[in-house]
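Undergrad: The primary structure of each chain is shown beneath.
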Amino acid sequence: MSVTIYVPRDAVALGLGANKVARALFAGAESRGLDVTIVRTGSRGLFWLEPMVEVGTPEGRIAYGPVKIEDVDALLDAGLTTGGAHALRLGDPEQIPFLARQQRLTFHRCGVIDPVSVADYRAHGGYRGLEAALKLDAEGIVAQVRESGLRGRGGAGFPAGIKWNTVMLAQADQKYVVCNADEGDSGTFADRVMMEGDPFNLIEGMTIAGVATGATRGYIYLRSEYPQAFEALKEAIANGVKAGVLGENILGSGKTFHLEVRLGAGAYICGEETSLLESLEGRRGIVRAKPPIPALKGFLGKPTLVNNVMTFTAVPWILEHGAKAYADYGMGRSLGTLPIQLAGNILQGGLIEVAFGITIREVIESFGGGTRSGRPVRAVQVGGPLGAYFPDHLLDTPLDYEAMAAKKGLVGHGGIVVFDDTVDMASQARFAFEFCAAESCGKCTPCRIGATRGLETMDKVIKGIRPEANLKLVEDLCEVMTDGSLCAMGGLTPMPVMSAITHFPEDFRPAGSFPVAAE
Amino acid sequence: MPRFEPWSAPRAAGIIAEHTHLEGATLPILHALQEAFGYVDEGAVPLIADALNLSRAEVHGCITFYHDFRRERAGRHTVKLCRAEACQAQGCDALHADILKQLGTDWHGTTADGNCTVEPVYCLGLCANGPAALVDGEPVAHLTVDVLEVALTEVRQ
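Sequences listed follow chains A and B, in order. Using numbering that gives the first Met the number 0, read the first sequence as starting at 0 and increasing by one per residue. Using numbering that gives the first Met the number 0, read the second sequence as starting at 0 and increasing by one per residue.
If you're looking for bench data, these hints aren't it; they were derived computationally from the structure. There's no promise every hint is true.
Some residues of chain B that are not near chain A, with every Cβ distance over 10 Å (derived) [to be verified]:
1) Phe3
2) Glu41
3) Lys79
4) Glu84
5) Gln87
6) Leu99
7) Thr110
Output of the computed footprint for chain B on chain A, the stretches with three or more beta carbons under 8 Å from beta carbons of chain B [as the list claims (entries may be wrong)]:
8) 218–225
9) 355–365
Here are a few chain B residues that face chain A, going by a calculated C-beta distance under 8 Å [what the hints assert, rightly or not]:
10) Trp6
11) Ala8
12) Glu22
13) Gly23
14) Tyr121
15) Cys122
16) Gly124
C-beta atoms are modelled at their ideal positions from N, C-alpha and C, and glycine is treated no differently.
Same shape as in the complex, but just chain A:
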């Protein structure tokens, strides 16, 4: 009987040689007369163990990792195909503490199934959410989303049910569902891991959204930096059309939903929903003033539901298990689970889906195991390039929209980037301005001019040119950008800048000009 070996096709695994490992496993098994089938899965998100190879045994799956090409022969000789002992043997992957301690509602299939197979998706509970949705009317579906407490996972945290309701009630000959898959924040990869590992979860979530709002066409706006996700989505959509879960008469319901994936072109600002819509229409990604809101006048002027990948992919679980089951997770007004992405200088980085409310410290210490360099953690940026840098004394803040806002930070898309004590916070603050200058769409003055002036002024501070006066100027500029920018790009660039200045003032003093406090 053929043994199934699972090798990830996720970009991280590929970046660490997974294709070569897969080829070597196949060739090595063949030369030993072993009958193996290799299935390419997504990643479970335990990135320090990639490429993580799994073998199907009568006792369940056994994982090995991280597997390098030079390990393959020894692994096969040690009896990998029967789950044999080896230094890289990790045992049952679901018992690895990093994974066992998570609450994987959205990511439970990731790394388990063949991502582009409809049959595999359905065998692991796929399309039960849509089936449940098809038994409800539009109001019923929207009520489930509203009662689940689901908030937009892209960063803004706007209640999803309100958006869905607005689009549902809008009258138009054509409505659209658009997925914001322009996951540009540094330190985030949840969308990528999902699209490469379980794209049908996104397709199902968007289809439910289409049925609920009466939109028959959908687009996934994907960043071009994710070529592997692009391939996985195209393959999944084509297979979905063939299997009757996309297109006309979905699952025999008489409902129609056409879905297409579109590539962005390297503009960070296109993760802002109105800029994304401009880009999708074929123009420069310039932010639109709101109102009108996209839910009423969005793509091509039609009512459009724009949600992030993580928002759509939470929906099938909610429809299958009920709004209350989802709302039982989380704290305060942040309900359900948050896919946290632990990155940067970290020993055990990866994807951690847990209920809202876990503290930053718990994520870094008990999941991450500290820094990869072995040096102490000095700063942690939460929520992408527009998120705050937190020092040690703020790491006990729970990941919750309101709790983070109270500490002048944000949850954003759930990315956590860890820096050790070699980081220079003045250059991180400088980079925030540099990034904003490079990526500003240019529509509003505070962002367009502010970023460039901020960069110049920060350079003066770093060079020691009237540092105190220039820091004051930076702070003043940050206030103008916060209050006067049209969107979050200019409005939130001050967050990393000001948090660096506030929490790490010693890095903004020219060397030797101030006495350094004794440790």
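Since the structure of chain A is already known, use the hints to place chain B on it.
TA: For chain B alone, kept in the frame of chain A given last:
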């Protein structure tokens, strides 16, 4: 075999025609042209403008807005190096200085032998395994000068 076709207006017109039925066809057209020719030739601007009923200024504005679209032919291979915070936390700035010195070029530049063009990119979603790069679209994690050299040798084959 060269990776890209030489610029040809009739061929470009053919590519454009394949996409005009799409809603918001500009970006798909620009991507397809760059895929074929390695860049978007100035000669494509009036062709796209005509096909989509846009002004040339609108097409020019669109091309120049996005970091992805090149207006000059690139090297045979493209190396995209991530410069964002998660890779900074893993020391990418010093590494990039070494790489650029070794290749003898700067950001957006092409090596003297025309082999590779180096571009900055802000996040590849490989943030727990940085520094990261994309070499001709293939991800590379835990990047070092040596790892990049191996990756470039492999794509040359």
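Undergrad: Using 8 Å as the Cβ threshold, decide whether B/Tyr121 counts as touching chain A.
TA: With a minimum Cβ separation of about 6 Å from chain A (threshold 8 Å), the hint on B/Tyr121 holds.
Undergrad: Since B/Leu99 was said not to touch the interface, does its Cβ keep a gap of more than 10 Å from each Cβ of chain A?
TA: 17 Å, holds
Undergrad: Please check whether the beta-carbon of B/Glu41 is more than 10 Å away from every beta-carbon in chain A.
TA: Correct as stated: the minimum Cβ-Cβ distance to chain A is 18 Å, above 10 Å.
Undergrad: Holds or violated: is there a CB of chain A closer than 8 Å to the CB of B/Glu22?
TA: For B/Glu22, the interface hint holds, since the closest Cβ of chain A sits about 7 Å away, which is under 8 Å.
Undergrad: Against chain A, does B/Thr110 hold up as non-interface, every C-beta pair farther apart than 10 Å?
TA: At about 21 Å from chain A, B/Thr110 clears the 10 Å cut-off, so the statement holds.
Undergrad: For B/Phe3, which was marked as not at the interface, is the minimum beta-carbon distance to chain A over 10 Å?
TA: Holds, because the least Cβ-Cβ distance between B/Phe3 and chain A comes to about 17 Å, which exceeds 10 Å.
Undergrad: With a C-beta cutoff of 8 Å, work out whether three or more residues of the region 218–225 of chain A approach chain B closely enough for the coverage to hold.
TA: Per the Cβ count (3), the hint holds.
Undergrad: Under the criterion of a CB-CB separation shorter than 8 Å, is B/Gly23 in contact with chain A as hinted?
TA: With Cβ-Cβ at 4 Å, under 8 Å, it holds.
Undergrad: When I compare C-beta atoms, does the region 355–365 of chain A have three or more residues closer than 8 Å to chain B?
TA: violated (count 0)
Undergrad: May I ask you to check that B/Gln87 keeps its beta-carbon over 10 Å from the closest beta-carbon of chain A?
TA: Not fine: 7 Å to the nearest Cβ puts B/Gln87 too close to chain A.
Undergrad: Mind verifying the non-interface call on B/Glu84? Its CB should be farther than 10 Å from each CB in chain A.
TA: 4 Å, violated
Undergrad: Can you verify the interface hint for B/Trp6: is its Cβ closer than 8 Å to any Cβ in chain A?
TA: 20 Å, violated
In summary, the numbered hints that this structure violates are 3, 4, 5, 9, 10, 11.
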